[in-house]
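Dock chain B against chain A, hints included.
Chains as they are written, first to last, in the working numbering: chain A, 1 to 570; chain B, 1 to 208.
Since the hints were made in silico from the structure, they are not lab data.
What you are looking at is a predicted structure, and each value in this text was computed from that prediction instead of being measured.
No residue lacks a Cβ here, since even glycine has one placed at the ideal position from N, Cα and C.
Some clues are possibly wrong.
Said to hold, decoys possible - To give an idea of the chain A side of the interface with chain B (calculated C-beta under 10 Å), a few residues:
| # | residue |
| --- | --- |
| 1 | Ser540 |
| 2 | Ile543 |
| 3 | Gly546 |
As the list claims (entries may be wrong) - Facing chain B, from chain A, some residues (calculated, C-beta under 10 Å):
| # | residue |
| --- | --- |
| 4 | Ile335 |
| 5 | Asp448 |
| 6 | Asn480 |
| 7 | Thr483 |
| 8 | Thr522 |
Said to hold, decoys possible - Where chain A lies over chain B, by a calculated footprint (3+ residues, C-beta under 8 Å):
| # | region |
| --- | --- |
| 9 | 12 to 25 |
| 10 | 69 to 76 |
| 11 | 111 to 124 |
| 12 | 163 to 172 |
This is what each chain is made of:
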Amino acid sequence: MFLNILQLVIILLIIGFGFVVPIGKYLVKIFTDEKDTILERYTYRFLGINSQEQMTWQRYSQAIVLSNLVFVLLFYATQRLQDFLPLNPDKISPAPTPELAFNTAVSFVTNTDWQNYGGETTLSYFNQMVMITCLMFTSSATGLGAGVAVIRGLSQNGINNLGNFWVDLTRAIYRLFLPVCFILSLVYVWQGIPQTLEPAAIASTLEGVTQTIARGPVASLETIKNIGTNGGGFFSINSAHPFENPTPLTNTLEILSMLLIVPALTYTFGTMVKARRQGWVFFGVFAALFIGFLVTVFPAEQIGNPLLTQVGSDQTLSSLQSGGNFEGKEVRFGIAQTSLFVTATTAATTGSVDAMHDSLTPMGGFAALSEMLLNVVFGGKGVGLITLIMYAAVTVFLVGLMVGRTPEFLSKKIEAKEVKLVSLALLAHPFTILIGIGLALVWPKALDSLNNPDAHGFSELLYAFTSVTANNGSAFAGLNGNTPFYNTVLGLGILLGRFLAPVLPMLAVAGSLATKPRVPKTPGTMSTNTVFFGVLLLASILIVGGLTFFPALALGPISEHFELASGKTF
Amino acid sequence: MTVQSRSPFVSVLIPAITTAIWFIILCGIIYPLLTTVVANVLFPYQAQGSLITVNGKVIGSELIGQNFTAPKYFHPRPSATTKTGTTDKPQPYNAAQSGASNYGPTNKKLIDGVKDAVAAYRKENGLADNVLVPVDAVTASGSGLDPHISIANANLQSPRVAKARNLPLTEVQKLVKQNTQGRQFGLLGEPRVNVLKLNLALDQAKSK
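Same shape as in the complex, but just chain A (with noise of 0.2 Å):
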C-alpha cells in the first residue's frame, strides 16, 4: 500500500513541481517570441502564410473553423479510398463506412478521439500514419492555440488581435510536440512499443494454436496521443493493450504526457495577463477537483466488486497481488496506478485508457463521467483554460450580483455580451449531452447497442454523450457506437461540444474583452486573484455544475451504487 501512494504522489509531484513553471515558461516563450526562426520563416513563405498578420477573433475563428474543415474533408476522403491506397500490409478491408468516416474524422479533427472502430482490424497504416497521427498534431496545436488566442484577448487593451493562427499551429508543432514526441517514441520502443511496418507477426503458439499478433508504427502514434490529449488508440482497447502501454514505466510516462503541458497553461496564463497570482489560483481550483476526484476513484477500485467476494474471489491487496475491482484491469499496473490514470485521462480530456471504464465500480465510474461532465478539472489543450475562464467570469457575474456591483475581470468589464456568449458555451455543453442522450432513449433500435442492463446501460449511454461533447473520447466501450444513428449523432454531439462550447463562444468573449480599455482598480474592486475568489469560483463549478447534470448521474452511476450495495444484479 505504501508504495502504491507513493507512486502516485511522485508522479503527482513531478506534475506540480516539475512541469508547470518550466513548462509554462516555454509556452510563452513560444507563443509571444517576436522572432521565427529560419525553418518557420521558409515554412510561412512556403506555405503562403502572412506571419505578421494579426487577427481579430472573427478572422482567427474563421481560421480555425476552415483548417478543420479542409481536415475532415481530406481524411473522410482518405478512409473511403482506404483500399486503394498503400502500406495496408494486412489488407484491411473493407474501408469505413461514410457514417463511420465521418464520425471518425470529426472525432480526431477536435482532438476528441472518440472510437467506433477497432484499430488493428479498421484502419490500414496509412490512415493509421497520415490521418490519426497527423491529426493528434494538428488538432492538438489547434486546441493550443484557441486557448492563447482566448489569453492574449484578455491581455490586450482596447485592440481586438488575437494572434495569428497560423503562427501558433506551427511554432506548436514545430517548437513543441515534434521534439519532444520525436524523443518520447524512441523511449516508448525501447519499453516494448513497436514500430514498424511490416505485417502481423505469426506465430505458433507452445500449445500449437496459430496467433496473429497485430502491430504497425505505434510508438509515433503513442507519444502524441498522450502528449496531445487526443486518446484514440492504435488498437481497439487503447492504452490497456500492452503494445500500446507495455510496462509501468510506458504507463506513468503517458500519464505525465497527458498532464505536461494542460496544468502549466495557468502559469502561461497568469504570465501573459501579467496576474501571475491569478494562474496560480486557477491551479489550486483545477488541482483541488483533480485531488477530490482521485480520492473518489483510488478508495472504491481498490476496495472491489463485493458481489465477486460473494463468488468467491480474494480482492484484497498484499505483496502478492492489487485486488481491487480487476475486471477490464491490467496485473502490470495495477489499481493504483490504474486509478491515476483514470482520473488524469478523464480530467485533461485525453481518452486514452488503460483499464475498461465500463467495468469501474460505480464510485470509479461516477467520478470519470464527473470530469467530463464538468470539463474544467485541467481539460483539454487551451479548452479546459477556456472553460475555466468561462466559469470565473460566471462567477464575478454571479458574485456582483449578489452585492450589486458591475463584475469585472482583469480589470475588464464584464457586461451583458459577454454573460450572453458564456451562457451559451456553458448551456450548449448539457444540451448536446441531454438531448443525445433523449434521442438514444427513443430512437427505434438505439438502445440495442447497449452491453450492459439497468442503471449501468443509462450510464453507458451517459458516458458516451458526456465524452463527445467534452471532446474526451474514452468510452464506456461496451456501447456499440458503429451503427448509422450513433455514428452520425455522435459524431453531431463532438462538433458542437467543439465549436458551440467552449471555442467559439469564449474566442468572441476574449475579442469583446480585448477591445475594453482596462478600468484602474478602486476599493469597490472584487479581487480575483485570491484563495477566497478559488473558493468561490470551485463553488461555482460544482453548484452550477453539479445541478445542471446531478439527475442524469442519479439515474447512472448513484442508483448503481445502490444497487451494488445492496447486493443486486441485472
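This is chain B only, laid out in the frame that chain A set:
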C-alpha cells in the same frame, strides 16, 4: 504584400489548404517513418514487437499473452477477445482483435462468469471450497491479452504444474521466482509473473 490583396475568405482558405498538406507530409509521413528507421536501428527487437523465437520459429511475443489450457502449463487470466470480425464468438487471446468484456459491476453475466471461473479454478488446482481465488485469475483483463498473472495466482497453480510435469514443487517455484518481475525501479506498477516466459522456461527445463 500580395496576401492583403486577396479577398479575406481566400486569404484564409489558402493557408488552410497548404498547412493541411504540409502537416500531413511532416507529421503523418516524415515523422513516423523517421521514427521507424531510428527505432529499428536502436531497438530492433522491441520495434518488431518483442517476438520470441525458438529454433527459428516465432512462438509469440513476450508482451502479448497467449492461451494455455493444458495442466502442465501455467494458465493466464480469462480473456474476453473474440474471433476477428465478430463480437460474439469467443477466441481467447486473439491478438488480432483486442477486446474486453465491458461488463459493469452489477451485470449478472460478470458475476456468474466469475462464479464459474472460481469453481473451475478450485477444481483444477485441487483447492478447498472455502479458498478465495486471486481476483486476477477469474476476471478478464482490459486488453484480453494480459501477459501476466499475479504472484498469488502463480503460487496456487504451482502444485498442479509440478504434478503434471513430475517435477519437484521447489523446482517449479524456483522457475516462478525467476520469471517474476518486481515493481519497475522498485516502485512503479505491481510485481507480476510473465506466463509465456514461465511456461517456456518449464518446457526448456524438461528438455535439459
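Verification of the supplied hints:
no.: 1; hint: Ser540; verdict: violated, 32 Å
no.: 2; hint: Ile543; verdict: violated, 29 Å
no.: 3; hint: Gly546; verdict: violated, 23 Å
no.: 4; hint: Ile335; verdict: holds, 8 Å
no.: 5; hint: Asp448; verdict: violated, 13 Å
no.: 6; hint: Asn480; verdict: holds, 8 Å
no.: 7; hint: Thr483; verdict: violated, 13 Å
no.: 8; hint: Thr522; verdict: violated, 41 Å
no.: 9; hint: 12 to 25; verdict: holds (count 12)
no.: 10; hint: 69 to 76; verdict: holds (count 3)
no.: 11; hint: 111 to 124; verdict: holds (count 6)
no.: 12; hint: 163 to 172; verdict: violated (count 0)
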